[in-house]
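Chains A and W, in that order, are what the protein sequence lines are. Those letters in the first sequence? Residues 1 to 117, by our numbering. Those letters in the second sequence? Residues 1001 to 1115, by our numbering.
Keep in mind the hints are simulated off the structure, nothing from the lab. Hints may be right or wrong, so weigh each one.
Think about it this way: if two alpha-carbon atoms lie no more than 16 Å apart in a straight line, the pair counts; the simulated EDC-like pairs of lysine to aspartate or glutamate are [unchecked claim]: (1) K68(A) to D56(A); (2) K1102(W) to D56(A); (3) K1102(W) to E105(A).
With the Cβ distance kept under 7 Å, some of the chain W side facing chain A (calculated, not the full set) [what the hints assert, rightly or not]: (4) Q1042; (5) G1043; (6) L1048; (7) P1094; (8) L1103.
Nothing here was measured: the structure is a model prediction, and the numbers come from that model. Every residue, glycine too, gets a C-beta built ideally from N, C-alpha and C.
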Amino acid sequence: DAGVIQSPRHEVTEMGQEVTLRCKPISGHDYLFWYRQTMMRGLELLIYFNNNVPIDDSGMPEDRFSAKMPNASFSTLKIQPSEPRDSAVYFCASSLALAGRYTGELFFGEGSRLTVL
Amino acid sequence: AQSVTQLGSHVSVSEGALVLLRCNYSSSVPPYLFWYVQYPNQGLQLLLKYTSAATLVKGINGFEAEFKKSETSFHLTKPSAHMSDAAEYFCAVPPFNFGNEKLTFGTGTRLTIIP
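Chain A extracted, bound-state conformation (with noise of 0.2 Å):
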């Protein structure tokens, strides 16, 4: 089975730029995850879908950061303009849900390194 599958592995741009991160998630899982990941701050849950619909986007920093799951097997990470502070990783997971209840089982994709210039 494929697991989570993210793109761009790697992206450089520009301050300003617009970003835009894919995600697709492992066929059949109830649950989307968006983190990002630096040395100073660590892992950051950033946004969840469950079934599509956002549940969850405290953890997005700024309005500059919006995310989209158009349907279960895409989700897009976008950030509009993009600051040299966005510079870090951000993975996407997926998790299915067992007899209705979150387990907490999550499958990582590789992640989309980012860096901003």
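Following the hints, complete the assembly by docking chain W onto the known chain A.
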């Protein structure tokens, strides 16, 4: 809210030596506890999971963890370290109340294996 504390941001052990990575959870007994591993330039992957069915949990790659309620601990061990174990390890706990699906990760412990 549930939380976990990982003692030691960096741990170095010699190849073949015992690996011990520490994790303590906050006072409420959690329904699950996890250890995740992150190899360089990769995403996190599940190493093992505690579900209250057994206090000693065996995971992949020879790792195991023991849940100790009296010590509020869930330390990760491996009897004999291998070079391929070099990675960052994260302890994680789900929220106490279901309905909030935020998994809380510890700050991570970077494991270095000395040849």
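These are the hints, each one checked on the structure:
no.: 1; hint: K68(A) to D56(A); in the structure: holds, 12 Å
no.: 2; hint: K1102(W) to D56(A); in the structure: holds, 9 Å
no.: 3; hint: K1102(W) to E105(A); in the structure: holds, 11 Å
no.: 4; hint: Q1042; in the structure: holds, 6 Å
no.: 5; hint: G1043; in the structure: holds, 3 Å
no.: 6; hint: L1048; in the structure: violated, 11 Å
no.: 7; hint: P1094; in the structure: holds, 4 Å
no.: 8; hint: L1103; in the structure: holds, 5 Å
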